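S.K.: Let the hints inform the model, and build the full structure from the sequences given.
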Amino acid sequence: MKLIIAYIQPQKLNSVKQELYREEVYKMSITNALGCGQQKGYKKSYRGVDIEVNLLKKVRIEIAVNDNFVERTVEAIIRGARTGEIGDGKIFILNIEETIRIRNGDRGGIAIG
Amino acid sequence: MKLIIAYIQPQKLNSVKQELYREEVYKMSITNALGCGQQKGYKKSYRGVDIEVNLLKKVRIEIAVNDNFVERTVEAIIRGARTGEIGDGKIFILNIEETIRIRNGDRGGIAIG
Amino acid sequence: MKLIIAYIQPQKLNSVKQELYREEVYKMSITNALGCGQQKGYKKSYRGVDIEVNLLKKVRIEIAVNDNFVERTVEAIIRGARTGEIGDGKIFILNIEETIRIRNGDRGGIAIG
Amino acid sequence: MNPEITLLTNSITMIWLVLTAALVFFMQAGFAMVEIGLTRAKSASNIIMKNLMDFAVGAIIYWAVGWAIMYGGLKEFFLMPDIPGKGALFQSWMFQVVFAATAATIVSGAMAERTKFTAYLVYSLFISGLIYPVSGHWIWGDGWLSRLGFHDFAGSTVVHSVGGWAALTGAMILGARKGKYVKVGQEVAVKAIPGHNMPLAALGVFILWFGWYGFNAGSTLDGTSSYIALVAVNTTLAGAAGAIGAMITSWFLFGKPDPSMSLNGALAGLVGITAGCLVASTTGAVIIGFIAGIIVVFSVRFIDHVLHIDDPVGAVSVHGICGVWGTLAVGLFATGRREGVTDIRGLFYGGGWHQLIVQFIGVAVVFFWVVATTVVLYMGLKWVTGLRVSEEDELLGLDISEHNAESYYGFQIFQNQ
Amino acid sequence: MNPEITLLTNSITMIWLVLTAALVFFMQAGFAMVEIGLTRAKSASNIIMKNLMDFAVGAIIYWAVGWAIMYGGLKEFFLMPDIPGKGALFQSWMFQVVFAATAATIVSGAMAERTKFTAYLVYSLFISGLIYPVSGHWIWGDGWLSRLGFHDFAGSTVVHSVGGWAALTGAMILGARKGKYVKVGQEVAVKAIPGHNMPLAALGVFILWFGWYGFNAGSTLDGTSSYIALVAVNTTLAGAAGAIGAMITSWFLFGKPDPSMSLNGALAGLVGITAGCLVASTTGAVIIGFIAGIIVVFSVRFIDHVLHIDDPVGAVSVHGICGVWGTLAVGLFATGRREGVTDIRGLFYGGGWHQLIVQFIGVAVVFFWVVATTVVLYMGLKWVTGLRVSEEDELLGLDISEHNAESYYGFQIFQNQ
Amino acid sequence: MNPEITLLTNSITMIWLVLTAALVFFMQAGFAMVEIGLTRAKSASNIIMKNLMDFAVGAIIYWAVGWAIMYGGLKEFFLMPDIPGKGALFQSWMFQVVFAATAATIVSGAMAERTKFTAYLVYSLFISGLIYPVSGHWIWGDGWLSRLGFHDFAGSTVVHSVGGWAALTGAMILGARKGKYVKVGQEVAVKAIPGHNMPLAALGVFILWFGWYGFNAGSTLDGTSSYIALVAVNTTLAGAAGAIGAMITSWFLFGKPDPSMSLNGALAGLVGITAGCLVASTTGAVIIGFIAGIIVVFSVRFIDHVLHIDDPVGAVSVHGICGVWGTLAVGLFATGRREGVTDIRGLFYGGGWHQLIVQFIGVAVVFFWVVATTVVLYMGLKWVTGLRVSEEDELLGLDISEHNAESYYGFQIFQNQ
Ligand SMILES: Nc1ncnc2c1ncn2[C@@H]1O[C@H](COP(=O)(O)OP(=O)(O)O)[C@@H](O)[C@H]1O
Ligand SMILES: Nc1ncnc2c1ncn2[C@@H]1O[C@H](COP(=O)(O)OP(=O)(O)O)[C@@H](O)[C@H]1O
Ligand SMILES: Nc1ncnc2c1ncn2[C@@H]1O[C@H](COP(=O)(O)OP(=O)(O)O)[C@@H](O)[C@H]1O
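Respectively, the protein sequence lines represent chains A, B, C, D, E and F.
Note that our numbering numbers the first sequence so that position 94 is 94, with each residue one more than the last.
Note that our numbering numbers the second sequence so that position 60 is 60, with each residue one more than the last.
Note that our numbering numbers the third sequence so that position 76 is 76, with each residue one more than the last.
Note that our numbering numbers the fourth sequence so that position 301 is 301, with each residue one more than the last.
Note that our numbering numbers the fifth sequence so that position 39 is 39, with each residue one more than the last.
Note that our numbering numbers the sixth sequence so that position 52 is 52, with each residue one more than the last.
Keep in mind the hints are simulated off the structure, nothing from the lab.
These numbers were taken from a predicted model, which means no experiment stands behind them.
A few chain C residues that face chain A, going by a derived Cβ cut-off under 8 Å, partial list only:
1) M28
2) N95
3) I102
4) G105
5) A111
Ideal Cβ placement from N, Cα and C applies to all residues, glycine included.
M.R.: Structure below.
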């Protein structure tokens, strides 16, 4: 089982979700994040004092999948999120040692879906 | 050392915390999350236009524990969070390679608690 | 490749960022978190009813780095965040199995930076 | 009198009453903001709907029947007939309808976050169409209490206590919000359910205070009264003293000066002076207001910690209890020196016990009238439409469950109750 | 007449008009809060700027030229010359400038979240300096429509429809916000872009309603008119009935009573009664308001689901469509019993079709005038400065792209559109 | 004169002053919202407490002693004795107390987010009970400055500059909020600490503007003055021109039109016209306001970037500096054509330098009086109770450290300073 963590542009969330649904990945968890990367920030100012904004709004997606699902999930995220511009985001894949469904105590691959 | 990530219903946070305290697990970190799973969303509308809400509010708990604590922590979370209904949530267990306490540089199992 | 997760005091974010930049770590992702640890909370009250606040505001930093960068990143975080007081925070290091840059599909160590 | 002088006199009163009525209308915004601020984010749109609709429904029913019961007599249902030259009638109705709406909207705060919206609509009909007009008739409509000598200048009892007691029975019959009182063994632990928007609550209090100048000073019902300024001064001083009283009391009891209690204190002082704003001296106003500010903190605490009645905004304490205090204070602080308007004189100014006893009778009568009628009303509603939403709906929040709506779209709000 | 009486009569009118003008000014805050509340957090500061600046720019241009076109004639550009004893001139200007500003600011809501700020500034100049004054002159400035017998007491057409039609052409020419109408195959899917702050929207509506007492009752232009109270009563009843009408309609159509529609309904009722608040009876006011409340829900739905015009706050429906309804209603509900002021009588009161036809002509003329001039204006702006911000700027939000600003610094806001 | 005419004249003035006093009272809400909006979320409840309490404490002390010092003489402490027929006294007190409270509350914004609450309470006592009444007496209480011919119609100096200078010394003695000015080597880097709620700040400005009609027009102190409308017109035009002036200046200096500066600009224009709203022509008002709008931006920048004084809301610039400008402007723009009220004439209208010099003397005297007394006051407070909270308390936020309170319970707020 793998944990896929993806950082994407907030405005791409809907299209990523649609691509994931197409691959029958229906489960995920989403949080707000601020990202710092190659993407240039922008300048804001407040009452004449400049503010350098280099933490940009990102959406962080966490998806736990069984190993045979990893590639199609990654491909779906890329399809949904890619624009080819800097700031498109990153995907990190980590190993999950165990998964438990709280409702009924299921463990392992069966608990993922 | 393991990292336990649990997604639970927000209204279960207090009872999960109480169960964890009972097991002498006092340390944890919590974030807001939006979850997409088997649980059906609900329909909102705005000025007569329907909005399908399928990202539901969840609480994400991260707890780092030493290996011998994993089972009691998981059990405590389940006790606190289970209602038997869809939407109760999931627990994921990942391996931690190293833990460092910033205050004094402690490393390893001793830094967890 | 490793995923470094650090919980720090919110007011230390700027100095941590500066230390990371000095080590040429420019990429990171940040989320809001509530932390429960050794640090004592404080008492709030509302209309004469006390509220025990033991979930304190923390900032959660996630940095993916190549293995040779782990130590300098950890050191930088510690330099930026340490006050020597309880509540300074923790660092957890996890293994990353794969990293993908969404923009161009780069994989592995090259995709991290 | 010279007809031109009469016309001018009438004109001054007309613009005075229309402008002060507008100020009192604006208090609806104040009530809405206070209630929104002191409850949770997940109920804000429901509160908006309640506050908008108790005014809307209340105005229509007060036009249809309420006014006729309170002042007009049978031929004035629907303000009929529409003949010219009824300026005086319209000006009175305009000034009175906003008072009826104030009484109605007070209740909303105490019943917040758990009342069925349909039940609330029906409640609005009855309070503005029947309950308020009947007791209002007794006191202001030349009814038996007014003939007894009961003095309630701008409505500590007529408006505020009526709202306060209806709030009390409502909050009791509804029961507390889930999680407010938690049984731990034999004990009941009192939990805080903090309001989500203090700036709006504060704005609401400032709006209410602003509107109170219309409420009290307009109640001269005469734009040429030379007591208008005195009433405004007393209102100012009592509100100020109330805020100070509550701040000090909360500081003493809780260790730090409490914002929402101090805001309540200002309102308590204003409610307290409402009955006596004409007859009290400025010193009297300061004392009345200050005591009201102290009372409100103890009352909120008592209702919460001892009675375990869940009144999220403190409506029962501010309007019910301080309304009583203000009404009784007339029997204590009336100076007896309001030549040409009233000669009542309170205990402290050598008037003896008489006025105090009359005031007490009025307070008691209104208490029983409102408690009796609202208990019947709420129990009836419980039986017919249901009074309270389901537990899941309460958890989800009334915005979504009653209106499919969200009040702060996009804002990340952390809520575990 | 006795000069002392004249002085007092003039004084009453002067304080009446200055106070009601202040109330109408305050409606600017109401419009700003409604618009902020019903749009996204990322545009709030831009909305503030638009609402502040359409008043500021509008007041200056109305002083410079607008007033002279509408009422004053050539010698009153810049309110010149500054001779003493012009109290009456200043009092009229003061009361009129806030009406001009109301017409101007209505448009802001419909064009929210995508209009270039510079273009909006230029628009403000033209609406307050030219478009509004010309049609205003026809109706209120003793122009040809007023001589035809067209009756629009406080401006359902003069103010609200003018704003509403300028909003319509603006929203059409601009096009919808990105993501509002999504092509899915052949079909267009209508998406909701929920407003981010319902409490502020509700506050805005209460402020508008409060200000409306100045708007309508002040339009007697005479502080000694005996119809002031009637106007205020009709305003109250129509607003109330409008809120109820919209609530019921939304309940029926959408399954639950919708907060933002009910708020729109109150405004719709108020717009509806604005033309006829003097000539309608109280029963007439209730009916006019109630129907306006129904109309506004259907109109919002039609404009959104059928015409696919993106009007975030419903300005076209509330001010344009209900302005028409209110103006025509005069031809239906005028009682003919306003001795000493007007003798117009509507269809339902035995006055025949005449007045209704005159009202219709006025409505049509203003529609064509505003549509024609604003189309030229917006197309010109599109060509000269550009009317709409770039797609990236819209995505980023106008706060940042137009003003380098953030409205809720520190708040975590989740936005994926 | 005919006693009926006298009664009516007095009545008109009484309702005029009570209503305008209510408008000025409402400015308290405006100040609170502006200050809340332009500071951080963690201080909002503390700001509420300060704004509520400076009014409450100020009203009580102004009743007890302030009024007697400023206008009444020794026998009018506590407005004693309470004899009937003192309508004129009460009406004056009512109108004056809200001005005293305005001066007091101006300071709050400049000292936001770091001042001890107890110290602020003591400050409130002294400004409303002593500092403001003394200089007020000189100018408005028939004191020596008024006899010198100093003209400050509604208080650019009496109210605004007094508040502004007390704000200046307060902000200086307190020192900046942590993180505002950061030493980097030899240089001081100026950091932005953005306000957290622009919609509330904008609402506050609209409320202030609305209240300003009471502030300026009410200052005729006579409801039958024929200059009331002129004053209102000048107020409108100067506020509008101020907003435009600041918008253009900020656009020029910062590259984009800045919302909070434009809001400050409107206030600057209003402060600027406050002294001269009676004597200036409408053209004069536009120029005065426009220049005030330019001044305020440069002043804010200078105080922040050069003097490194941390004034979160720009109170010193808006009220202090623009108060000076407005007061001097009387010496420039007074037309000399206000028959029956005043004959002062400024430099630009052929009046020579005389009036300008008198205005300058008044400005300087008040500056020294306020600076001297407030420095003593703040240094005393520093010594006795402490003026500033501890560094940890500031970091935690004054809501929690001073009041155990949280202003936006449940909202996720990201704050790293
Ligand atoms: N090494 C990293 N560790 C943590 N987060 C990262 C890392 N690299 C990128 N991110 C996240 O991904 C986002 C996009 O990265 P960026 O470098 O801007 O884009 P790109 O992948 O197109 O070069 C960042 O804002 C950040 O949130
Ligand atoms: N595979 C997954 N990856 C990431 N998050 C998940 C996954 N499965 C479940 N979750 C999280 O757990 C929550 C509850 O899951 P759900 O399927 O609704 O409940 P149940 O476990 O009772 O079937 C989801 O809303 C989501 O936040
Ligand atoms: N075992 C853990 N699991 C998850 N989060 C932890 C753990 N230990 C500490 N944290 C996070 O680190 C923060 C600081 O920990 P704390 O124990 O207060 O400080 P210290 O490391 O100085 O003893 C906590 O508030 C929490 O967010």
